[in-house]
Amino acid sequence: MIVALILGFALLLIGIYGMLSQKNLIKIVIGFSIADTGTHIIIVSIGYLRNRTAPILNSAVDISKAVQQVVDPIPSALVLTAIVIGLAVTALMLSFVVELYKKRQSLSIDDYQELKW
Amino acid sequence: MDIMIKILYAVISVIVATVYGLTLGGVVQKIYARVHGRFGPPVWQPFIDIIKTHGKRVSISHGIMFYLGPVFRFAGGLGTYLFIPVIYGSVVFANFSMAGDLLLVMYFIFFGQLGMALGAGEGGHPYSPLGIARGLSQMSTFELPFSLAVIAVAIQYDSLNITTIVAAQQGSILNWTLFTNPFAVIAAMISLLGMNMHSPFSLVLAPQEIPIGPPVEMNSSFLAILQTNRGLFTAAKLVLFMNLFFGGATNLLIMIVKTFFIYLVSVIVGAAFPRFRPEQSFRFFLKWPTIIGIISIIFIVYF
Amino acid sequence: MVNPIYIIILSLAAGFLLSIFDKSGRKLSLIVFYSVLTFNVFVIADWFYRFTVLGVSTLTINTAGFSAPLSINLQLGIQEAFVLLFANLTGLLAAIYLIKKFKESNISSLVLYLILIMGVNGLVMTRDLFNMFVFLEILSISTFALTILTKNKKSLSAGFKYMIAGGVASTFFLLGVVFVYYFTGNLNLDFINPSDFTNYGLIAIFLLSIAVFIELKPFPANGWALDVYESVNSGITSVIAVVNSAAIIFVFYKIMPLLPQNLLNIFGIAGVVTFFFSNLMGLKQTNAKRLLGYSSIGQMGLLVASIIYTIHSPNKLIYLIVGGFFTNHLIAKAGLFWITGIVKKEKIKDWGILKENKFLLILFGLLLFALSGIPPFPGFWAKWEFIKLLVHGKMFFVVGGILLGSLFEIVFLFRWFTIAVKGEVPSENPKISFEFSKYFSTTIFVGITLTISVVIMKYFYDFNWFQFLPLIAVVVLYFLDFIPSKIKGFLSLIAVGIYGYFLYPFESNLQLFFGIIFIVGSAINIIATLNRKNINKGFYGFLLMMIFSFGNLLIAKSYLEFFLAWEFMTISSFVLILRGKKAQKASLLYIIFSTAGAYLMMIGFSLAPNLTSNSALIIAISNINLPILVTVLLAIGFMIKSGSLGVHIWLPEAHAEAESDVSPFISAILLKAGVFGLFMVGISYINHVPAFDMFYWIGWIGVLTAIVGAFLASFQEDAKRLLAYSSMSQVGYIVASIAILSHLGWLSALYLSFNHMMFKSALFIAIAGVYYRTHTRTMYEMGGLIKKMPLSFISVLIGIIAVSGVPPLSGFGAKWLIYSSFIERGWYLQAGVLFFASAVSFLYLYRLIHTIFLGQLKYEHQNVKEAPIWFLIPQVIFMVGIMAISMYPNLIIQPLNSIVGNYFNSSIIVDGYNITSSLGNWNGNMIMFVTMGIFVVPLIILVLLNGRTQTVKQFNIVYAAERPESPQTTHIAYNMFAHYRKALGGWGKPRIWNFWHETNEWAHSLSGLFRQIYTGNGQTYILHIILYIVVIYFIMGV
Amino acid sequence: MDKKNIKKIEKEMKLANEGLPEKERSLFSDVRPTSVTPLNKYLEKFLNWARAESLWFLGFGTGCGAIELRPLMTSRYDVFRYGIAPRPTPRQSSVFIIGGYASMKTVKRIVRSYEQMQGPKFVIALGSCTINGGMYYDSYNTINRIDHYIPVDVYIAGCMPRPESLIAGFNKLKEKIKAGECDGMNKYAENFDWYKKNQKRVIKDWNMPDFNW
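Residue numbers (my numbering), protein chains in the order written: chain U, 78 to 194; chain L, 2 to 304; chain F, 13 to 1050; chain H, 1209 to 1421.
A hint or two may mislead.
Stated by the list, open to error - Straight-line C-alpha distance at most 35 Å; calculated DSBU-like pairs for lysine-lysine:
(1) F:K470 x F:K549
(2) F:K870 x F:K594
(3) U:K193 x F:K361
(4) F:K163 x U:K179
(5) F:K296 x F:K406
(6) F:K370 x F:K594
(7) H:K1405 x H:K1380
(8) H:K1313 x F:K965
(9) U:K193 x F:K356
(10) F:K545 x F:K597
(11) F:K361 x U:K179
(12) F:K800 x H:K1404
(13) F:K163 x F:K112
(14) U:K179 x F:K113
(15) F:K370 x F:K113
(16) U:K180 x F:K359
(17) F:K163 x U:K104
(18) F:K877 x F:K597
(19) H:K1313 x F:K870
(20) F:K370 x F:K356
(21) L:K31 x H:K1249
(22) H:K1222 x F:K800
Note that these hints are calculated values from the structure, not bench results.
Excised from the complex, chain U in its bound form:
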């Protein structure tokens, strides 16, 4: 669980580092995606409780003792939503990149600086 938390933070930082260091628009989007994934891992790891099962009420879980047997369901629920949203954002970003490329035939972020000051 701690490992997952650390891994999540590491991914988050790597993602941000990628966003800051890469000039290629697509790579920046990838960086964002990595950071997003890192966040998701952090969320999941927070909800995780040792030796428990997934918070799905099926045959594997005794309904009356579900509270003791499953991990905290809320982070899992959150992460599902977050993944969907992250996906949407990433997709939108990529579509922007495509449009930008169509306009200027360049993927370097340095070529899109005309708005400044």
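Since the structure of chain U is already known, use the hints to place chains L, F and H on it.
Frame of chain U, contents of chains L, F and H only:
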């Protein structure tokens, strides 16, 4: 009836002062000539000049303001004189001094200058405004030390009333401002050089530069009035200085003696120095006499 | 009564169904689209009505059949309703504004728009943190997508930057949400206990709040927002700047109870810093939309700061301050963005186009005034109360930051306004295309601002209708604007008369005195304006506004009323000055200096103790012991208005460039408002003399103003500038005399004020007549006009004699009083300097009358006529006035003596016409008669003794035996006192002007320096965000 | 001439001022000079005395003879003692000293200055050149007789006359003035057309009014 007597006295007083002033002008011409090693014109020459200029058969005028300019000028001289009590204790020579105090006199000096400047301005001659610009500028600079000296006097006697100031200087000669506050007197006397417009401060008339400045278009009786005023106005200024700094006068003789010597200072300086350029003159007044004037105030306030 | 959840549901449903409707034509989908938006507005308006008027209690909506915290709950209270009403209304109007775009574009735009509105509604109402995240993302994604409604390269790249920045922020928000859950086990705002955030828990709340804060665009982590504002379609920008911002600021408000105090303080400071720097950087901006972006960001910072700093105040005050800033900023900003969309000019310098379209110009002006916090717009009240609050909390740095920032804002906003009114019409596309929808939205918003202004004034303050007479005048005359100018002029004259009648029973004679200067003086000056031809749109409205606010100054009963009248006066005079032909720069200078002064006064009034009596301020203040700081601040404010040395540089510009019949109002009357203010300060001061002798220094400033003004006047070539500097010099005398704080001093100040009103009005009107006939103000281009305009000449002659203080006219009385008072007080050196100033004044006075009226008449003026009768009437009235008080000085001295007698023991003896002080005496009547007598004597001599007098023409002069070449070369006028300037050497340099010029350059350079952090590179922006988070974290110091 | 006549002459006999361009005519006076008769014999005698005792001469050097004017004002000759003084403007001067030969160019200035002097005004012609042209009698550029152009009261012959001669000339002038014989002003006005004709004959570029007030 009272007022008629008052006016009668004033007329006498003005005539005396004018005659005295014009004669003084003649005397000064004589002194100048002697300094140059000449005989010089007769003492009564100014009177003849005035009669002659009045005697011109024709004159030209440039307009109503030109016509009134000399009138303003002479009225300025008359007013300046009439608001000064000339002889301490004399009824005849008290003039209209009860109408105001020292400030009135100082500001009435401007009355004639402003009017003359307007009249000369309407003449349309380029030298007139040149001379006036010089004159006004110089006036503003010599008024500064003079006003400082006057303020020092006002502090000293705690009054702006000329009669009170003269009264305070009666008695011993040591009561004169000349001895009680010499700095004020020095500052004021340097200003007087500017006021009298002798060299080195003869910027306005400056015959060789801007012949002869403001009155260049003045002719015939206009000029005569200006000449008359010169006598009266000189007398008025000298009387004012005498009252403020030299103990005033209790009779006509003392007045004549004192004013003559006051005037002599200007004359001697005038005979000895060449003319300043305008900016030199302005700077001079704003520098040394002003400092002396400030010293005079400090002197009177703190010592 | 519709459950507000249907707003969300309906928006969502309509959003999904729109693409299906669109199959049967865009018309149907548009109808659905707009009806949904309208429905939203009506539902919320209904709720808002219930909350405010009917007093219904806050509504909580549970979803999924459970109550919180088990389910997500929504909450709709008065605050939510207020924000949502705004957001939805703006949404609707922005949609109407965009109708043409929506008709043409892909259906997805409509869908996205509805989703966006849905996101905003949800975001505001939800109480669940994660739900908040979801709505935030919905909002963000739809906004990102909408940015490409204008599909150009700029908006695309801006949208991309926006997206990655927003992405990073939402990542942190998500982390924050999760950690909040981790530490508190709860996600519902109503159930989270702030005390759970200990130690590491703080990280959770920090992440959450910093993410929201980043969305609020703090300086410097806000480059992405600027790019979006600049490039995206104006309609969408307005949505981003207003709807989104409103929602996010409300989110911030919602999570605020969770934040620890030190973090709140940091955010407060950060808000102020943002406000300050955004406005500073706005100085150098030339792009209209980006400028609005800077302003918008700044206002968000201010809004955040206001929320944070008012949190412990009573509700009513919060509503006034936060609500005021909120509505003011959002409405004005949306409206201005829309106008940029209508005008379609990127560069501010091209906005001269606006003057062709008066209606749009009025909308623009109103919105701009609203944004600058000018009464009666909500921003003014909010700022007033906010500053008061901060000052009471002793947060002077915050106050300084806010006011300095506001000043920068005034600079660029009013620069923009002056360009719009006076700038050049650009050669390309010099027409503004008309689109009804766009005008409609903008007009509605302007209407709403005005309504809110009225609501605020009605519900938060109990103002008398009299206080709003200035505004009423503008409105009434706006509707009467079709009437010819002359009739309006007469009506104004009558209005001023009636106003004076109602004003008349004053509580003190000092008020009566200033009432005469303000009202009677104005009324006489109005006569000169009757010369105007045609219709003169807008002139009399603002003129009346100015005159009424003068009057209201007198009877103001509280600091606020006084300040209100002061602001009305400032803004109306600003507009009047701006009407001048080349008044762009002049009016800008004026408004900047006036505003700076007003801000100082604002601080001063905030610090001042409460009034204890219900009399007019000028009376009530005598019982008030003003702290020295207040006295200094107020005095500086008033001295700016009266053009004292150092802060005078607005004065010559404003006087010279204003229309020539407006200048007398500015010089003769407006400057006296500052004098009135100084009297007010003085009245408090003399009753409670503090340890620091402030008035000693004011005295010196006044004296130096007099001398410097006189010198500057002497070196002018422009007649009106000369008179302006002369006014400065004369007011310097007045200020110095007030500073004496003695009976004689105040007597002379009042006497000179009255005198100055008369002679300066007469002089300015005379020059106005000359200008009217010769069409030039440059003096050396005139000359010899005495033959053509004798009456004007006489008027100027009497005027200059009165100015110069030469007996026998009234000016001498002033000089006599002043010198007597100075010597009596013991200010000897000051008296000497004043005497010097008065001698120097002859220079400019002679120059004025000589170069215009004497000397050589020019060829082109051979046929000029006397000034029109309307100019002559007021001159004659003032002449008669001057002559009357010259001849019978006790007409004025007697009443003034009794006025000043209320404050000091009388130090003069008035015996008939003779006035005696402790130093000397002055008998104006006698001087007059003696002067008349001695004037007549030489005149008679001259008439009798002079030979035949031939009046000759102008070229009949001695010219060294030559004839003059041309009038131009014969007229000595240009640079008349060159030798004096030479003599002054280094003292003649315009150091103060240089100082302000340098200050201006420095501010703009700093602006240019700071804004370079916005490199335009998306990565830099992310770096800013990351660094910002880190820095704030360290400052918080967990 | 009585007042009525003067008014009549002034009204009817305006000067044409043809030498001036159209737009400049309004800048110059077009009034014709008239002669002035003294009011009273005794008063006139007194005034003549004053005029004689206060001779202000115009300090214009119109020819080589001007060099002889300077010594007059020095300590050696000191004309001031006779009430004689230089004056820098014609408006205030009563004596015009023609300093020797007068070229065509100078005549124009002489005429202008003379006309600008206020009457009674006197002219002293200095040197032979003013009488008959002297050594320039056949010069294409010099006039021979100054009294064809302005009335002259006293001639001082010589080439050049010494300052002593000048003083003698002044004394002669004084005598004549006191005797009431110097009436150049009226002479000029009465024979105005003749003088003008002569002047215009030699002065080709006549760009001033016909009478310079």
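Verification of the supplied hints:
Restraint check: the Cα-Cα separation between K470 of chain F and K549 of chain F comes to about 30 Å, which is no more than 35 Å; the hinted pair holds. Taking the CA atoms of K870 of chain F and K594 of chain F, the gap is about 25 Å. The hint holds against a cut of 35 Å. Simply put, K193 of chain U and K361 of chain F have alpha-carbon atoms about 19 Å apart, close enough for the 35 Å limit, and the pair holds. Under the criterion of a C-alpha separation no larger than 35 Å, the hint pairing K163 of chain F with K179 of chain U is consistent with the structure, at around 11 Å.
In summary, the hint linking K296 of chain F to K406 of chain F is supported, as the alpha carbons are separated by about 32 Å, within the 35 Å threshold. Pair hint K370 of chain F plus K594 of chain F holds up; C-alpha atoms about 19 Å apart against a cutoff of 35 Å. At roughly 30 Å between alpha-carbon atoms, K1405 of chain H and K1380 of chain H fall within 35 Å of each other, so this suggested pair holds. With a C-alpha separation of about 25 Å, the suggested pair K1313 of chain H and K965 of chain F falls inside the 35 Å cut-off, and the hint holds.
Restraint check for K193 of chain U and K356 of chain F: the C-alpha separation of about 20 Å stays at or below 35 Å, so the hint holds. Restraint check for K545 of chain F and K597 of chain F: the C-alpha separation of about 26 Å stays at or below 35 Å, so the hint holds. For the hint linking K361 of chain F to K179 of chain U, the alpha-carbon distance of about 33 Å falls within 35 Å, and the restraint holds. At most 35 Å may separate the alpha-carbon atoms for a hinted pair to count; K800 of chain F and K1404 of chain H meet this at roughly 33 Å.
For the proposed pair K163 of chain F and K112 of chain F, the alpha carbon gap of about 15 Å is at most 35 Å, so the pair holds. At most 35 Å may separate the alpha-carbon atoms for a hinted pair to count; K179 of chain U and K113 of chain F meet this at roughly 23 Å. In summary, the hint linking K370 of chain F to K113 of chain F is supported, as the alpha carbons are separated by about 26 Å, within the 35 Å threshold. For the given pair, K180 of chain U sits about 24 Å from K359 of chain F by alpha-carbon distance, which is consistent with the 35 Å threshold.
Using a Cα cut-off of 35 Å, the hinted pair K163 of chain F and K104 of chain U holds, with the two alpha carbons roughly 23 Å apart. For the suggested pair K877 of chain F and K597 of chain F, the alpha carbons sit about 32 Å apart, so the restraint of at most 35 Å is met. With a CA separation close to 29 Å, the supplied pair K1313 of chain H and K870 of chain F stays within the 35 Å bound. The hinted pair formed by K370 of chain F and K356 of chain F meets the criterion: a straight-line CA distance of about 16 Å does not exceed 35 Å.
For the hint pairing K31 of chain L with K1249 of chain H, the CA-to-CA distance comes to about 34 Å; that is within 35 Å, so the pair holds. About 23 Å separates the Cα atoms of K1222 of chain H and K800 of chain F, which keeps this hinted pair within 35 Å; it holds.
Checked against the numbered hints above, the structure violates none of them.
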